[in-house]
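Undergrad: The residues making up each chain are set out below.
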Amino acid sequence: MTRRTVALLSAFAGSMLVLGCGRTNQATAKDDPGLKVRYAALGSKIRGLDPGDIGDVTSSLVASQCFETLYQYHYLKRPYELIPCLAEDMPQVSDNGLTYTIHLRKGVYFTDDPCFPNGSGRELKVQDFIYAWKRIANIKYLSKNWWIFDGHIVGLDKFRDYTKSLKGNEAVDYDRPVEGLKALDDYTLQIGLTKPWPQATYLLAHLPTAPMAKEAVDHYGDQIMNIAVATGPYKLESWTRGSKLVLVRNPKFREELYPCEGEPGDRGSGLLDTCGKKLPFVDRVEYTIIEEDQPRWLLFMQGKIDASGIPKDFFAQAVTDQRKLSPQLAAKGIDLVIEEDPSTYWFGFNMEDALIGKNLPLRRAMSCAWNRAEYIDVFTNNRGIAAKGIFPPMFKEFDRNWVNPWADYSLDRAKKLMQEAIALNGGKSLEVTLSMPGTDTTFRQMGQYFQRCMDKIGLKVKVDYSDWPSFQDRIKSKSTQIFAMGWVADYPDGESFLQLFYGPNESPGPNNFNYHNPEYDKLYQQISVMPDSDTRVKLYRQMERIVCDDCVAILSLHGVAYGPYYKYIRNFKPHAFGYGLMKYIDIDLDLRHKLVGR
Amino acid sequence: MTTYIIRRLLYAVPIVLGVMMITFILFRVVGGDPAVEIAGKTATAEMIADIRHELGRDKPLFINTVAYKHQGVTSLFDSQLFHHLVQSLTLDFGKSLRDRRPIMQIIKDGAGASLSLTVPMFIISLLVSLSISLLVAYLRGTKFDRILVVLCVLGMSMPYLSYIKFGQYFIGYQLNLFPVFGYEPGLAAIRYLALPILIGVLSGLGSEVRMYRTIILDEVNADYVRTARSKGVNTARILFKHVLKNAMIPIITRVVLAVPFLFLGSLLLERFFGIPGLGYLTIEAINSRDYPVINAMTFIGALLYVLGVIVTDICYALVDPRVELR
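Residue numbers (the working numbering), protein chains in the order written: chain H, 1 to 598; chain A, 1 to 326.
Hints are supplied without guarantee of correctness; some may be wrong.
Claimed, not checked - Chain A stretches covered by chain H per the calculated footprint, using a threshold of three residues with CB under 8 Å from any CB of chain H:
1) 40-52
2) 99-105
3) 168-175
4) 182-190
5) 264-274
6) 284-295
Just so you know, these hints were derived from the structure itself, not from any lab. Think of the CB as a built atom: it goes at the ideal place given N, C-alpha and C, for glycine as much as any other residue.
Start from the sequences, fold in the hints, and give me the full structure.
TA: Below you can see the structure in the form of structure tokens.
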């Protein structure tokens with residue numbers, strides 16, 4: 001190899017190092033030490049910023065800093081409470097629960113963008129909501145969020161049918177009227193429902209229902225996933241796909257003030273110190289996409305990101321046996337919040353399976369043989385609460401005094417039930433198959449642990465490991481026997497869980513258990529149109545007991561999140577349902593400089 | 001040579017078509033339904049059916065005999081297979097089902113970042129491993145040679161992930177010599193790419209050196225080397241001018257065939273160091289049943305491989321006058 005060849009190769013290598021470049025970074029906080037910058041990490045890639053098509057947590061987390069909805073959750077109050085956001089006040093609901101009248105806040109403007117005449121963002125109008133919701137109904141758009149409106153709004157399903165009838169590239173007529181979506185004027189929206197919908201207001205706080213400017217969709221076409229023409233506190237500055245996204249303060253953001261009320265203890269923790277101050281506090285938010293645990297944790301320890309989850313491998317380094325932050329981390333000026341998730345994880349039974357569905361003692365035996373405490377310790381570093389019912393403890397439907405006999409670990413009882421199960425099977429020994437939604441080491445260890453638990457009662461378990469799409473296919477085609485799954489509620493209403501057991505929702509619907517119980521289904525129809533009340537809470541609990549008594553799943557755990565963060569982050573309070581919360585966060589720049597030197 | 005190239009290109013057509021057919025059968029027939037993924041967590045059967053229709057997944061797989069009866073011969077080809085073939089052959093892969101972005105745009109955005117990692121890594125690795133191999137071949141049988149062979153075996157035995165995790169923790173975090181993570185467009189990328197490139201080079205060094213050493217030793221023992229020595233040619237000239245040139249055929253086979261895959265990026269390095277390349281694109285597409293992306297990446301991968309093989313053959317003729325392309 002000649003020197004010239006080596007030189008050429010080196011030059012080529014050098015040129016490749018700068019390939020993929022073209023844009024340089026905008027001015028950052030380095031130039032302005034007074035600029036409040038929040039450095040955040042995201043655990044997976046951002047799919048897009050178009051709220052109508054967002055279905056994943058990461059994209060929602062980012063888009064909700066730009067897009068707003070009619071309602072939002074109060075940042076500090078618990079139990080969770082909805083308050084107006086783009087709406088002027090809470091909706092006026094007709095006596096029969098079928099008509100919602102919502103007044104829009106005046107003087108809310110979209111960010112300046114070339115899609116508007118002269119590039120100046122126009123005022124938000126009711127028509128922007130109607131357009132956004134029709135867009136979700138449009139089948140050509142293939143939105144993941146049609147489930148929100150499906151069957152609820154008068155005439156919207158017909159609009160969807162109309163879009164189905166369009167051929168090829170035929171344009172959708174968004175001016176086509178929908179009976180249940182009326183703009184009484186530019187600031188008054190009237191929604192007509194097909195039947196009472198008690199969860200409607202929660203869903204109007206859900207990001208996909210955010211308004212969308214038609215001008216933006218028309219202007220950007222396919223690129224709308226990469227753009228955020230919205231009304232919220234932040235606007236998009238730059239986005240390197242798969243790497244980094246930067247938001248900056250939206251100068252046209254309306255006046256919104258930090259709350260002055262919270263729950264007891266908030267004042268003492270300093271969460272009300274910024275009461276009445278104009279939002280947002282942070283000037284710039286830099287999201288870095290870090291999909292692996294190790295680099296995320298190392299960057300956090302270097303002070304290059306402000307908050308992080310705790311990877312399993314670093315848990316012992318971060319948290320003591322007493323569930324407190326380790327002295328090493330505390331000395332670095334790190335604090336820890338522990339917060340329950342609105343989640344329940346289970347091993348579900350396919351009730352249409354000939355063996356599992358007809359053998360109640362077998363299902364109960366398996367549930368009693370499942371050692372929840374040990375599982376939580378081994379697999380989650382104790383970041384979980386043993387589940388005894390379907391509702392997580394944060395839900396008001398959760399009954400602290402109720403004991404589910406089939407969710408208590410008892411090998412003696414499990415063995416007795418197993419004898420009954422074998423007798424019911426004509427005396428033949430039993431073997432079942434568990435389907436796991438992944439193939440990596442952790443899933444294999446979980447499968448092996450499940451086998452070990454069931455082996456103690458003489459039940460043989462075969463475990464099938466498959467990737468998520470194949471697993472989903474098997475669930476939706478009802479071809480599993482037992483499957484590992486869970487549910488994270490979208491809103492603080494137990495109905496989010498109860499729908500999962502409603503007969504008509506069987507696979508491919510959300511009822512993956514294919515559970516059919518006429519008594520349960522009748523109660524579900526009753527509660528699905530019933531406004532919140534003590535009676536409804538009682539009915540929810542009654543339904544939960546039916547499901548638990550039939551032992552439709554081995555209820556395993558409710559998730560608990562541990563979130564360490566640097567103390568220079570002010571007003572940090574975890575929220576189970578809210579997404580657009582960056583506007584409440586403040587940063588103590590002096591303390592940041594002292595703790596991490598930036 | 002032109003005739004040879006044309007003939008080889010024509011041979012490539014059935015190979016690429018074969019790859020396309022296998023991809024189609026693998027992912028359309030047994031790969032699951034993307035409509036389930038798009039329809040979301042609370043999808044109903046009707047929603048899934050509607051989406052299947054919109055995606056054309058309810059069309060016959062191979063030939064549309066139903067449409068043929070009503071609409072004539074042309075509609076016979078209104079099937080999933082023919083749409084798949086047309087998309088690939090026209091390089092119009094459409095949009096990603098997951099990101100809704102044009103696939104060519106996704107590839108264009110990611111290829112630069114991937115190449116900025118893999119090309120320097122490949123070239124540095126090649127230069128370093130060839131140099132070490134020549135040195136070891138020169139010092140063959142000595143203690144240095146034996147120690148290096150042991151080190152090579154040790155290096156080969158260590159999992160790739162260990163290099164990444166250790167390098168990131170020790171060199172990046174503990175010694176703070178390079179950024180632990182991140183990527184910036186422009187020249188700033190060099191700062192971020194240095195550590196992953198270093199790790200990539202080190203992790204491959206063991207197997208590369210061991211292989212090149214074997215190739216070079218075969219040549220070192222050849223008659224022409226003895227002749228050169230007896231004529232008094234100095235060692236450096238023997239190694240660099242004669243031995244290396246004659247060892248080029250197996251080296252080229254390895255090098256040229258590896259070049260197309262540089263475009264596909266490095267899965268683990270990109271993921272651990274936050275480089276927004278193409279390394280993880282195919283895996284993510286498979287996990288989310290994003291068939292247009294799977295189709296595009298498989299097609300492009302196959303095409304590059306076939307071209308790589310042709311270029312390899314041409315290189316043989318260039319470096320070895322005994323090889324004639326017919």
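Undergrad: Are at least 3 residues of the region 284-295 of chain A within less than 8 Å of chain H when you compare beta carbons?
TA: With 5 residues in contact (Cβ-Cβ under 8 Å with chain H), the coverage given for the region 284-295 of chain A holds.
Undergrad: Examine the region 182-190 of chain A for residues whose CB is less than 8 Å from any CB of chain H, and state whether their number is three or more.
TA: That given contact holds, which follows from 9 residues of the region 182-190 of chain A lying within Cβ reach (below 8 Å) of chain H.
Undergrad: How does the region 168-175 of chain A fare against chain H when you require at least three residues with a CB closer than 8 Å, holds or violated?
TA: holds (count 4)
Undergrad: Count the residues of the region 40-52 of chain A whose CB lies closer than 8 Å to any CB of chain H, then report whether that count reaches three.
TA: holds (count 10)
Undergrad: Has the region 264-274 of chain A got at least three residues whose CB is nearer than 8 Å to a CB belonging to chain H?
TA: Check passed, 4 qualifying residues.
Undergrad: Can you confirm whether chain H covers the region 99-105 of chain A, using C-beta to C-beta distances below 8 Å and requiring at least three such residues?
TA: This one holds; 4 residues, not fewer than the three required, reach chain H with a Cβ under 8 Å.
Consistency with the previously given hints is maintained throughout, with no hint failing.
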